[in-house]
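Engineer: Residue strings, one per chain:
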Amino acid sequence: MSIALASYLIGIIGSLLLLTMIVILEAGDLYRAIYTMAVQSFLIALAGAVLGSATGNIDLWVIAGLTLAVKVVALPWLLLMVIHRMRIHRKIEVLMPVTVTLAIAAAIVMLTFYLSSSLGSVTQVITGNALPIGISLMLIGILVMMSRRTALMQMVGLFASENGIFFTAMAVSQGMPLIIEIGVTLDVILGALVMGVIILRVKSSIGSDIADLDELKG
Amino acid sequence: MFMSSLLWILPSVPVFTGLAMLLVKDRRLLSALDVASTSTIAALVWAIALKVMHGGTLKAANAFAADAVTVVFLALIALLSVAASIYTIGWMRREVASGGIAERRLPRYFALTQAFIATMLITVLADNLGLLWITMEATTITSALLVGFRRDPNGLEAAWKYIIVTTIGISFGLFGTVLIYAATAHAQGGATHGAMNFTTIASIASKLDPNIVRIGFIFVLIGYGTKAGLAPMHMWLPDAHSQAPTPVSALLSGALIKCALFGIIRFHTIAIGACGPGFSGFLLLLFGITSVVVATPFILTQHNFKRLLGYHSVEHVGIIALGLGIGGPLGTYAAFLHIINHGVTKALVFFVAGDAIGRYKTHNMDKIQGLIRVAPYAGTFLMMGAFSLAGTPPFSIFISELLVIKAGIASGHFAAIAVFLVMVIAIFAGLIHHAGKMAFGEPERPVPEKGEPVSGILAMTVLAGVMLVLGLTVPSALNGALTMAAEVTLGH
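Chains as they are written, first to last, in my numbering: chain A, 1 to 218; chain B, 1 to 492.
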């Protein structure tokens, strides 16, 4: 695959990533958010495969496979299992109206594209628009976390936000060193497990969502 | 060759001790292993420090490196780990007796503590900035389990806030790392070899594109700044540091937030090389003074002993950032000295807090009164620690704060120094007021427990001794290490 074609495909994948992020941001239902996150992670794996065949770097294929196993399968499964164990209602309480979060998301996308257009030559080592899209995904992921008061939705926002970093990291030159990528993924898995344990423990001991606890202040 | 293999032997000591601990059930044996492990760490750190001070940077496996900056952080982690492991002996005995921690969960507690120490050691030994990030996140995961170890709602709430906020926070750090990696690969003409290693990046820092380094540094400062507890990203800190078991609180406040500063310092060096000292220095100054200002009202109005200490850490991380931001050899030196001084003093006061809270069964400072009568040693150390934290001579923090002020005035940062002084005076009054009431007040009700565990007194004496010595003089070995660390940071 030629570099130009890869760059074109990365552009398309990038816009699809943004689209999935908007769906997550506006999701009124936990299942939809989790499935969309899985689709988003699948797009990241696809990007890894595209970049792997364009640069001939085997490591990127490994990273794509790792993303498929961990972020497309394992993490959504973990989140669904937590939902199942908690027997919680599917609706998500939203703290900010949809119009406001959409407007903020649009502003974030425009700002990051403006910012990265001013960066000049370094963007040559990053394929296509991966830099502004990565930053946008990261910031909108945080917006998801801030606009929801559900522990699971905060986790979805966190993982979606991390997808932005993975996307940009893949597109830099020949991707991050494989061993580092594996270490980061390991952290994501362990972190998710610990978060899941904390959520379930609070649910089983006092019967509420951990994100609703607000005892510590001042 | 042997010396550089010390770099990976060092973190494997707590890793293997931790694994072995899972097979041990006896509390005394666990504590003995704990102390043995931390003492071995201290001995190895001593050997590494001597080698680095006389022979220059040590490197191993293209991923680990130790220079003077590393040595300063290693020394702090080693000292506090030893003190915490000694303190844990007596603290844990009472905790188990009072039912705070069930006896069958002890192996897990000790093993997690070892894992926590191991991740901190690797963080400051990492030459590869990706590895630095991975182990920094691993410190969050291990210590979040310790923060929520008691499984009570408050502890779990603190653990949740801690892990979710710092994980999303330091993902900014990873993004910044990726950007610097891209800039280095670009400067090397697309070659990625060594593009993530600090030693490589620092050596070609002047060739990096300053625009992308600026953005990278902002991401890193927000990311690792969250983990360091710099305001306004500090909201999780008082919760986590107050809810954790006391020996862990001491390590969190004394050592872990300094490890996050280690990450910032590495990128500060890169930013100085690529865009001059002005850019990253100004940002550090800004976040530093913000932290000092934001922490002050919370310190003055606080009633919870351990939360007070948490907010106090925000203030002192701010002072360190201020020193780094003022920069120059003196400001940077002062920042490094303050890293040691604050770590030692804060751990000491946390030990006192743990003792007092166990005795009075409350976190409320209004109910903890007359400590000096009930526990003369702890009460005395409380007053010493409080005076040191407040910046009074002849204790160590006075010296480093004075140096920060001196560096600030010499470089013309009058406004920042003026704000800093006002805040320090307000905090002095507040802190001495709180500590005085706790030490000398009239105990409200007859406090059943007298008698102090020897291990606790020993751990506190060691830290108080270091605090006092560093208040009177900076020993030449330490002075050499700090001076070299400042030079490495400034890229000389």
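By construction, these hints were calculated from the structure, which means they are not laboratory data. Keep in mind that a hint or two might mislead.
When the alpha-carbon atoms are kept at most 25 Å apart in a straight line, the in silico DMTMM-like pairs for lysine to aspartate or glutamate are as follows [as the list claims (entries may be wrong)]:
1) A/LYS203 x A/ASP59
2) B/LYS361 x B/GLU487
3) B/LYS25 x B/GLU103
4) B/LYS361 x A/GLU26
5) A/LYS217 x B/GLU442
6) B/LYS361 x A/GLU215
7) B/LYS367 x A/GLU215
8) A/LYS203 x B/ASP152
9) A/LYS217 x B/GLU452
10) A/LYS203 x A/GLU215
11) A/LYS203 x A/ASP214
12) B/LYS361 x B/GLU103
13) B/LYS367 x B/ASP152
14) A/LYS217 x A/GLU26
15) B/LYS207 x B/GLU442
16) B/LYS51 x B/GLU487
17) B/LYS367 x A/ASP214
18) A/LYS91 x A/GLU26
19) B/LYS367 x B/GLU442
Derived CB-CB ranges, DEER-like [claimed, not checked]:
20) B/PRO475 x A/VAL197: 44 to 54 Å
21) B/GLY99 x A/LEU111: 52 to 62 Å
22) B/PRO475 x A/VAL100: 49 to 59 Å
Nothing here was measured: the structure is a model prediction, and the numbers come from that model. Beta carbons: idealized from backbone N, C-alpha and C, even for Gly.
Engineer: The structure should be examined with respect to each hint, and the outcome stated for every one.
Structural biologist: Hints versus structure:
{"no.": "1", "hint": "A/LYS203 x A/ASP59", "result": "violated (41 Å)"}
{"no.": "2", "hint": "B/LYS361 x B/GLU487", "result": "violated (47 Å)"}
{"no.": "3", "hint": "B/LYS25 x B/GLU103", "result": "holds (8 Å)"}
{"no.": "4", "hint": "B/LYS361 x A/GLU26", "result": "violated (47 Å)"}
{"no.": "5", "hint": "A/LYS217 x B/GLU442", "result": "violated (28 Å)"}
{"no.": "6", "hint": "B/LYS361 x A/GLU215", "result": "holds (19 Å)"}
{"no.": "7", "hint": "B/LYS367 x A/GLU215", "result": "holds (20 Å)"}
{"no.": "8", "hint": "A/LYS203 x B/ASP152", "result": "holds (12 Å)"}
{"no.": "9", "hint": "A/LYS217 x B/GLU452", "result": "violated (32 Å)"}
{"no.": "10", "hint": "A/LYS203 x A/GLU215", "result": "holds (16 Å)"}
{"no.": "11", "hint": "A/LYS203 x A/ASP214", "result": "holds (15 Å)"}
{"no.": "12", "hint": "B/LYS361 x B/GLU103", "result": "holds (20 Å)"}
{"no.": "13", "hint": "B/LYS367 x B/ASP152", "result": "holds (22 Å)"}
{"no.": "14", "hint": "A/LYS217 x A/GLU26", "result": "violated (30 Å)"}
{"no.": "15", "hint": "B/LYS207 x B/GLU442", "result": "violated (65 Å)"}
{"no.": "16", "hint": "B/LYS51 x B/GLU487", "result": "holds (18 Å)"}
{"no.": "17", "hint": "B/LYS367 x A/ASP214", "result": "holds (24 Å)"}
{"no.": "18", "hint": "A/LYS91 x A/GLU26", "result": "holds (12 Å)"}
{"no.": "19", "hint": "B/LYS367 x B/GLU442", "result": "holds (10 Å)"}
{"no.": "20", "hint": "B/PRO475 x A/VAL197: 44 to 54 Å", "result": "holds (45 Å)"}
{"no.": "21", "hint": "B/GLY99 x A/LEU111: 52 to 62 Å", "result": "holds (54 Å)"}
{"no.": "22", "hint": "B/PRO475 x A/VAL100: 49 to 59 Å", "result": "holds (58 Å)"}
Consistency with the previously given hints fails for numbers 1, 2, 4, 5, 9, 14 and 15, ordered from lowest to highest.
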